[in-house]
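Dock chains B and C against chain A, hints included.
Protein chains in written order, with the working numbering: chain A, 1 to 347; chain B, 1001 to 1347; chain C, 2001 to 2347.
This list has only true hints and no planted wrong ones.
Here are the computed lysine to aspartate or glutamate pairs in the DMTMM-like style, where the Cα-Cα straight-line distance is at most 20 Å:
#1 B:1334 - C:2341
#2 C:2015 - C:2079
#3 A:327 - B:1336
#4 C:2337 - B:1336
#5 A:109 - B:1096
#6 B:1196 - C:2089
#7 B:1029 - B:1002
#8 C:2068 - C:2054
#9 C:2330 - B:1326
#10 B:1334 - A:336
Coverage of chain B stretches by chain A, computed from C-beta distances (three or more under 8 Å per stretch; other residues unrestricted):
#11 1077-1091
#12 1132-1140
#13 1225-1239
#14 1323-1329
With the C-beta cut set under 7 Å, the calculated list includes, among others, these residues of chain A facing chain B:
#15 223
#16 258
#17 310
Think of the hints as simulated: they come from the structure by calculation, not from any bench. Glycine included, C-beta positions come from ideal geometry on N, C-alpha and C.
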Amino acid sequence: MEFTAKQIAEILNGKIEGDENAIVNNFAKIEEGKPNAISFLANPKYTHYIYETESSIVLVNEDFEPQKKINSTLIRVPDAYKALAKLLDVYNSMMEKPNGIEKNTHIHKKAKLGKDIYVGAFSYIGKEAVIGDNVLIYPGCYIGNNVSIGDNTIIYPGVKIYYNTIIGKNCVIHAGSVIGADGFGFAPVQDDAFVKIAQIGNVIIEDNVELGALVTIDRATMGSTIIRTGVRLDNHNHVAHNVEIGRNTVIAAQGGIAGSSKIGENCMFGGQVGIAPHILVANGTKVAATGAISNTIKTENTAVMGAPAIEISNFRRSFIHFRNLDKIVKKLEKLEKIIEENNLTIE
Amino acid sequence: MEFTAKQIAEILNGKIEGDENAIVNNFAKIEEGKPNAISFLANPKYTHYIYETESSIVLVNEDFEPQKKINSTLIRVPDAYKALAKLLDVYNSMMEKPNGIEKNTHIHKKAKLGKDIYVGAFSYIGKEAVIGDNVLIYPGCYIGNNVSIGDNTIIYPGVKIYYNTIIGKNCVIHAGSVIGADGFGFAPVQDDAFVKIAQIGNVIIEDNVELGALVTIDRATMGSTIIRTGVRLDNHNHVAHNVEIGRNTVIAAQGGIAGSSKIGENCMFGGQVGIAPHILVANGTKVAATGAISNTIKTENTAVMGAPAIEISNFRRSFIHFRNLDKIVKKLEKLEKIIEENNLTIE
Amino acid sequence: MEFTAKQIAEILNGKIEGDENAIVNNFAKIEEGKPNAISFLANPKYTHYIYETESSIVLVNEDFEPQKKINSTLIRVPDAYKALAKLLDVYNSMMEKPNGIEKNTHIHKKAKLGKDIYVGAFSYIGKEAVIGDNVLIYPGCYIGNNVSIGDNTIIYPGVKIYYNTIIGKNCVIHAGSVIGADGFGFAPVQDDAFVKIAQIGNVIIEDNVELGALVTIDRATMGSTIIRTGVRLDNHNHVAHNVEIGRNTVIAAQGGIAGSSKIGENCMFGGQVGIAPHILVANGTKVAATGAISNTIKTENTAVMGAPAIEISNFRRSFIHFRNLDKIVKKLEKLEKIIEENNLTIE
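Only chain A is shown next, with the shape it has when bound in the complex (with noise of 0.2 Å):
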């Protein structure tokens, strides 16, 4: 596909500066730019980078004003990083989009199809699942009894979903993901072994709701699992039984929920992060990479640091401490040896 600066401005409604017949096939980053390519200016640090790019477009903020000579031609936004976003997401929707039921498929007679749906080869639809308009269903995936999808979704190749799960519209899972697998519940008898308590709820997950590649969010002992409106959660993310996590909440990849804890909404988790069972954590709550949260945490736009989890600023200045243990117990020790040496002690 090929674009003018000319349509591209339009599509933008920015304003060109420069070639309004320049032409791009391709995306790049500003440092790495290459002639048919359009790149953005939105991060200062970047801006040096414009003098030299040899991309053939560049989308700059409203008010940038060059300090030199740039051989690109300029688009004008508002909003360079969400114009960009903008024109990836125009690009994305004129990829071809796969269609219609291939050969190979397994749909029982009972399911309720939608219109305007893929279902790729080797994917299964169970009994009384039912599939939603313009629902993508990418091979090799399992869609199980009683399953309901809504509107628009995409389910990336190799996804399973256990029976019983409600998937909203507007929804991205990513390849390999797992919904409804039982939640981790066993009963302790009396000669240390255990039994498996029986995971008979489900999984709901609400609309615009993104989940990354081999994301597990097991379905509820009793009742249901929870992922609300606008959630996004990255690759490796694990949700157990009973999980509810708050609408727009974004996690990135490998966190961990434990079983009945409550993920309050617009709360930003880093890599890698744990949250105990049976807590709640309230809206707003930042927890940096690799924290781990124990306790309940009650008061919203906290952020947290460190494993198990303390205010953000507490845990930086005691690792500062941490760091030079060493110099401070030296430094200890010396006191130690003055007042010995002066004999000074308690009488």
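Structure of chains B and C alone, referenced to chain A:
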């Protein structure tokens, strides 16, 4: 499915207080009780809910003494939690199980299939694989050559089992788990590159083992990686080559056990725990979530925490001081100043 | 398969001590030796086993000097461990390899297939995908449109590879790994919700790369996520969008590398390591298990530990004091008391 209080009391050998014809068709937590649901009360912390719950039936311990009027029908049992577990199990066992060999499977003519098995569509069973009676293999699984699976074992969708793996009876393996992939064995060669050590051992999983979704258990370099009877591993666990995990050990999600380590019996590990390679962990060891064991633990029934993990009460005491390090250092600096200003020195 | 000591000595250019007709059909660790097995002795710690082992043949280093009588036949080689590796490899290469295109595959008519490939049942190869010679694609894989896979590469069951991914020669990708899923890119919009940034870049994996089971490598937002020649990633690793990992770097299980970070060559990371986004990690960096690198490391061959990671000997010294913080604080309190009771103050 509907049950009366009378039927449930019979299943559980319980004693009814209230309407023996009360009907339930669903389970609910006591705090989320609804008409026609059954709930249970085991934890005294939740006692106040029993006076408000809308659940039609509540399982309670024999010795429960109500302080107010209760609307629900009670069923008294020796242990309300275990009674619930039993009931969930009964309910679960009444659910329709898949059976037969679906179309579009690939079963090698030299594979040996037991009685009353289920093989879902798009599942692959290799040469000389042996599948026991009543085994369920959900869609999209791969059972490699010469794999053996014991009676009553359930393999959920998309599980991949490499050649020569041996799995016992009554096991459950959740979706997407990978058993028998190569161990991570590389020998350094001169030019900083590594040469792969072929991994020609296998994996042995004994009876009554449950593995969560997306678990990996690597095959041994030589010999076997062994998961003993009754082990439970939650989602995303990683077990490296030549590891052995002792009977009834339970490991929460996202744990990692490095190569050749030997974990004892009846251990309990929290989430995201890490175990170093080539070490022993004694029977009954407890590791708090995110703990990392870097050395052999010889004493049985030790509880540890931290990374690297140390004895748990030691960790907790030290961590309190860590939080307060800023204050501690300020105190030290004050002492230094006092001593300096009083001209105390080492002579 | 059976081999005599003579045959093995020829393969390894070794020197026999004992019965050149000794027959082996199996490998065993020296401490688990059995008749007709071959073992090796490389680590002096294990020397005492050689006097008791039942293995028929033991590979030993040229300079090994027995202190007692040995029953096994010895084969002396320059490096017993490397010799074992070679032997395992020879053994492995003699195992039957699958070949041909099985029934029930989905191969787009515009895909280009090399010579002597294997495509297992239920595998999917998209439009304009290019598969090199001798490639093995096990059952249940998904190879998206325009993916290219180099000669001799092995793709184990259930691997999912998104469109436009480029994979080199002689690579191994274990079961369930996901290559090319969307990077985790979201831009905040006014109402605390996020808008997805379309991820239109790709993944490039060079030659001789081995990825464990359930690894994820995300596609770049723009440009490429790049895994250089000789990289080894163990199970459950996560590599985010636009990351680059340098030649021959080895990462143990469950590591996570956040977006746009650049890892140098010949690095070695232990298990469960985390790398922050947008940083550089110099060539030869070593990270102890569970370490979390939060800032760029410029100096080559640094070893670090901890979360956040600091220089390893610094961490170890500080950690010893951390364990003893309770004693340290008590000492400090004693000094405070002495000073107070001696009426020392700042004037």
